[in-house]
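S.K.: Using the hints, put the two standalone chains together into the complex.
Protein chains in written order, with the working numbering: chain V, 1 to 567; chain P, 1 to 347.
Because the hints were derived from the structure by calculation, they are not lab data.
In this text the structure is predicted, and so the values were computed from the model without any measurement.
Please note that a few of the clues may not be correct.
Capping the alpha-carbon separation at 20 Å, the derived lysine to any residue pairs in SDA-like fashion look like this [to be verified]:
{"#": "1", "chain 1": "P", "residue 1": "K49", "chain 2": "P", "residue 2": "P37"}
{"#": "2", "chain 1": "P", "residue 1": "K54", "chain 2": "V", "residue 2": "Q145"}
{"#": "3", "chain 1": "P", "residue 1": "K154", "chain 2": "V", "residue 2": "Q145"}
{"#": "4", "chain 1": "P", "residue 1": "K138", "chain 2": "P", "residue 2": "N164"}
{"#": "5", "chain 1": "P", "residue 1": "K185", "chain 2": "P", "residue 2": "K197"}
{"#": "6", "chain 1": "P", "residue 1": "K41", "chain 2": "V", "residue 2": "L336"}
If you want a taste of the chain P side facing chain V, the calculated C-beta under 10 Å gives, among others [as the list claims (entries may be wrong)]:
{"#": "7", "residue": "N30"}
{"#": "8", "residue": "F59"}
{"#": "9", "residue": "K61"}
{"#": "10", "residue": "K163"}
{"#": "11", "residue": "P198"}
{"#": "12", "residue": "R329"}
What follows is a set of in silico ranges between Cβ atoms, one per label pair, in the way DEER data are often shown [as the list claims (entries may be wrong)]:
{"#": "13", "chain 1": "V", "residue 1": "Y147", "chain 2": "P", "residue 2": "E232", "range": "29 to 37 Å"}
{"#": "14", "chain 1": "P", "residue 1": "K154", "chain 2": "V", "residue 2": "D333", "range": "42 to 50 Å"}
{"#": "15", "chain 1": "P", "residue 1": "E93", "chain 2": "V", "residue 2": "D333", "range": "39 to 47 Å"}
Note that beta-carbon positions come from the ideal geometry of N, C-alpha and C, so glycine has one too.
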Amino acid sequence: MPHPAVADRPTARYLPARLIPDRWGVLTLSVALFVATPLIAVATIALTPAPEIWRHLYNTVLFGYVERTVMLIGGIGLGTFVIGTGTAWLVTMCRFPGRGLFNWALVLPLAVPTYILAFVFTDQLEYAGAVQGTLREVFGWRDRQDYWFPEIRSMGGAVTVMTLVLYPYVYLLARAAFLEQSVCVLEVSRTLGKTAWQSFWNVALPLARPAIVVGMTLAMMEALNDFGTVDFFGVKTFTAGIYDVWLNMDNISGAAQLASVLMIFVVVLVVMERMARRGQRYHHTSSKIQALPSYRLSGIKAALAAVFCAFPILLGFVLPASVLLSYAVVFFDVTLKANYLTITLNSISLSLGAAVIAVAIGLVLAYGLRMGSGPLPRAAVRFASIGYAVPGAVLAIGVIVPMAGLDNAIDAFSERTFGVSTGLLFSGTVIAILYGYLARFLALSFGTVEAGLGKVSRNMDGAARTLGASPFQTMSRVHFPLLRTSLLTAGLLVFVDCMKELPITIILRPFGYDTLATFVFQYASDELFEESALGALTIVAAGLIPVVILALTTLRSRPGHAGGGHP
Amino acid sequence: MKRLFAAGLAAAATVFGATTWAQAADQEVNLYSYRQPFLIKPLLDAFTKETGIKVNVVFAKKGMLEKIKAAGDNSPADAVLTVDIGRLYALKEGGVLQAVKSDTLEKNIPAHFRDPEGMWFGLTSRARVALVSKERVKPGELTSYEDLADPKFKGRICVRSGKNAYNVALIASMIAHHGEEGAEKWLQGVKANLARKPQGNDRAQAKAVFEGVCDIAISNNYYMGKMMTNDEKPEQKKWAAAVRLTYLNQGDRGNHMNVSGAAVTKSAKHKDAAVKLIEFLSDDAAQKIYAEDNQEYPVKPGVPYSKLVQSWGEFKGDTLSLEKIAKLRPAASRLVDKVGFDDGPGS
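In isolation and in its complexed conformation, chain P is listed as follows (with noise of 0.2 Å):
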């Protein structure tokens, strides 16, 4: 009887689908990301390739967290991937990660790229960076975030909605710095000078900056490479052309700085699988798929950034810490919504 019950139970969880089910081997990960599958597919395939342990990717943006702590020790889940500091933080104060001790990771990444207790690992990292106009934009006219505040600039800045996870980072970043009160002032300031209602995804500020709409654009680095290699539409070359990619506060503080990173789920069934996934993702060979694929900084001193983002030259980047960043999210949400920010100039 209980020998048929187990049957009949594996056969129901075969035809559903379920993948928790009989899957005894190490030799999977499963692997919740908020990266698109096709963007992290040649660093997976380069993984299995070596390891032969497989990655199942399921893409989520949104309810990761509550699936993973709802489905509790059953959980398929074995690690995470995400783009933003914030979602890290969340998984790790939601609970739902395990500290991993790994003495790869501690050599491959930087102390403020990691959470200090091991729940989160950074991968590689992004400068929040101004594109602003070769033709309206002398150098040195912008070098710094509080510059984006200053009137000369009314009408002229493009940005996201001041929602979106880069720019909240940005905002905590600013509280940080400046304090509650001084960063509300600053954002005032933007919003002030902002051309058109915040809108549309960091591409769509460059081309607006070619299109005229405005002066600078607020981006991640890596748009500028994606945009200058777009074989496929080469209308994003022009787009690129048209700007120049400016990183600010180089006198002070350095460029803000975002991470994409992994970490471990508490459930997970595949815990050595995961943890070698994540090592992998942190050593040269991926690094450099990182650093040439998507044009981003490696995480890992001494990985050579592509020839790309070498061209525009040697940064410094903000050390403030991105657990600090990930605590003050919130706040800098709210402020968005103090100021009015996504309601646009002259509101």
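So here's chain V without its partners, still in its complex pose (with noise of 0.2 Å):
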């Protein structure tokens, strides 16, 4: 029987075969579009004509803007590939002490905001600070000429913030690749003689890469996103510039083409990935599991191994959860008359909503391009994900403009027809914010669930169909349970994101409805930071939950982990 699809399409003789998608092409592309409304919103904003900022930013600081930009996420992309891999190597193979507390530790910094960390390291290492006071005690020097420091308002701590908070996307990605790795081509490595470290470098690693590469591509486009950390630390981005285009020179169109620029730049880095690793596949060959080997470390190389693994969690967790902690102990009346329960509800209501949809969208997504593929739906999909980095401001004035068009349209139509006027049911709701939440971090849904689902080989599709399977039920009964881990750290990513989410909170909440974020924000835009300290407090709790289970699952997932026990 031919493909129905096929079947019924007239067009099918005058267009390319290739260009005309079939049932899950169609619904793909829907359903991508749906999610990249904003994005074209933008692009659409973009249209009006605005040369002068062009001629003037190209004669000043667009070269400057460009050169940190791609600095700092060249640095965090390194940064964030030498933490998240290193560590995720190291706790999945080696046996060293405190293993088991950073197998899950090691996910923490994920759940404090990039603005905190901003705020804690700069509070501690300036030139006030309590490192540099101390030093200056220690030593007997007087003032900043007796000594040298390093400018934590520099390029140098942005990156060094954001790699901290961002890593785990890496780690987690990474790790849960090394969990599912057959361990018989690590053996059969070491059996042709490789060294440990060869066969990390040879064969464990390219076979992770695909992982990998979605954890930093998700750190670094959350780094191009990224506005208050530089604008913080008085490094001038094109995120910078975008919102120096829209707030200071009054030209929304000038942003947005810039915006759309950055857009590009991303496609432009996508693809290039793409391309670099096209005709590759990483399924696993072998389904034979067993039992992780670890190799025991012992005296300075366990040592040097904690080591690896307790900086990242020291710096980018307990440092700035004691500073909470201690300024919350103080300020806490504060957070409580603002109606504490409240806002924490509407934080955790909001992002396990977005959590949800997210997941299931990103599901239909990852299984459209799997089951139908045809170039259109597959660029549509791979443009969807990129509101990730597309600047929060930005995106929810896409998300605004043509909600509040089809609000518009809908109070009319019932206006004229029933006489009632339906206010804004969408763009004045929470609903707004749940798009928005959806356009951002669709990439972090559909990343994770795609790449948990490139490693389910395909030979496991054929012979489920053979065995007159549907492809609804190789879904249900084959796929699902070997992707359960990979929707759960989809889940729980956007989750966390969703809380901490600052720009798209703020633009798009309805009168008298305030999250977490959104309160401490309030204050530390005053450098009030203090009084928010037990708001900000809560977001890393609350985030520390599902990071935990995840941490947790992960590691129980691995088929020959009895129970989740260590090996």
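M.R.: Listed below in structure tokens is the structure:
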């Protein structure tokens, strides 16, 4: 029987067959376009010419913006790769003191919002901070002419702070990949005379590459969209330029043009990476799973491994959490007075809702691409996932414009037909925030689900289908059990990020609706950071719970790990 | 059917928190605010107490204009509160405001602090002053903005980003007084005199003077008051004690001034209540709270400054039209790019 979608298609004669999507393709395309609507809106706003802005930027700051942006994401890419992959490998494959703790604690910094870590770091490391103060006291230095100390409000500071918060993306995905690798390939490699280091570098790393690359891409895209941290550190990036053109030069179309250039930049990056690994597939070639070998480290090696793992946790989590705690004790009444319970509930329910929706849609899209390909849906999905790199406030405008347009159309229709005004059904409600989160965080859920799905060999699909299972049965009975960890990872990543999300929430929330992040920002934007410490601490704590679940679950998920115990 | 549909919509609107629905009574005002709710809370509470009108606030710094624009007639916002002339003007230019004719407002607010067409109203004014080291800057050593570019202050000035709204407005006023070329030369000079790359907020500049990083900080006047009276963070009192508040250009045009202000949106559903709120904010009681709590200058003539503000002495403020400053903001912002101000000294 011919494929129905092909058979019913009269246009097939006029268009090259590869451009015509099948049923899955149509579904994928529509869902992707729905998610990408805010991006399309931004691109549309950019259509109003603003040539004078470009001439000005070209003559003055544009190249500086680009240069600093490349340095920033380059540094963060490298930093998250080294810390994320290194720690993931150590805790997965080696045994050394503290490993059981590091295994889950390495995820903790993910719960800390970048702007909070930035604040804590400057607070401690600037001239008047505790660190330099102690140094001056100990060594008897009087002023800054007496010694040299790195400036925290700098490119280096921004890279450090963001790397410390973002490396868990790489860590989580790399660790999941290492855990799922068949040990056999490593054993073969060792049998063939490779050292442990060579086996890691030549065998394990290439096999985990798709997952690691997804993690690094997420970290770099997050850095691209960041405004708060780079602004705080006085690092003028491309994103800073977008806000400047928008708010200081009152030129929204110029800002949208810059944002569109940023999108093109991201698309090019993603395409380049795809091309680099085109034709390569990374499936398990053996289903033989056995308990992971653990290289027992001893002496200096064990100590180095422990330090390497402890460092990011101490700086990225213990330090900010303890600083926040000390402030929270002194200033807790400010937060309590501000309807603390309600805003916490708002944050959690909103993030939970967004996580469920984002995972569901990420799943549909990842499946759509696997089932029915075709270049058009494929391109649409890639496009829909770049919302992650677009500055949040710009993306929020992309949500408002089409949504309010729809609202006004519905309102006018209802007014005409029923004599009832509906007001802003979507853009005036939390639905707008959820939509904004979806547009922003789809990359997280889609990327994670896709990476997970990529590890499910197509031979399994083939086998299932041969045995008479429909695509849906293949999905529910073969894929789902294999994907559970990826789905959970995706959901939790989205949840934690929504808890921290700021610009979209601030712009899209209705009257009388606050989240922990907006509450913290209201104070922090006036540098009354201490007053909001309890709120910030709650964000971190609420992020902690799923983060720990996640860390424990990925460990348990590995076949061969009976009951999640350590081997 | 019709009724069922309407009821369904109403239910949906309630569930999703839509505020435009079912608020027929004019007993509330929806306020978009650039100012954090906790800062204006005493004022809004006093308003509610006096009039029984409830004020719902959303705090946002970005996207407000676009949000009001996109929602059109359905926008729930009745009034907007900002802390800088730039946003007020952008809202006016964006066509989302409506003119308000009110004898009370015209009586309370001097003409140069409000829009000639009644589109926006200044409620408090603030001066961009110099906070200079008591030890290292002699009285009379720095008297004008122009002095900031004098090579004798090389390596001695601290300021936040040139792109900050308050600095953009200050630079715009320099363009108004000296032309673009003159302002550029001046900004180059100030940049060369910086002690470090522009960073932090106004308060952080005073702290830097206290630490000896620089001798002169550019700041809004009320931060001085907030530091002096900060019982919860007593270290800030030390920062304030290290500096002397200096008004500039007292011999000629006066110190550069900015405003916080309010406006009524075109789509306001509670216009009367919104106007009432702005009138209340411009009147004696509220102006007094502004003066006492925020250490700002009341716009209404006759309302006394706070004791603290009075202790800094009499001063003369620049009466340059704020509309003119607002129009020159984009040029000022471009100037910051052109001289690479934010790259700091020696770049």
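S.K.: Against the structure shown, which of the earlier numbered hints fail to hold, in ascending order?
M.R.: 2, 4
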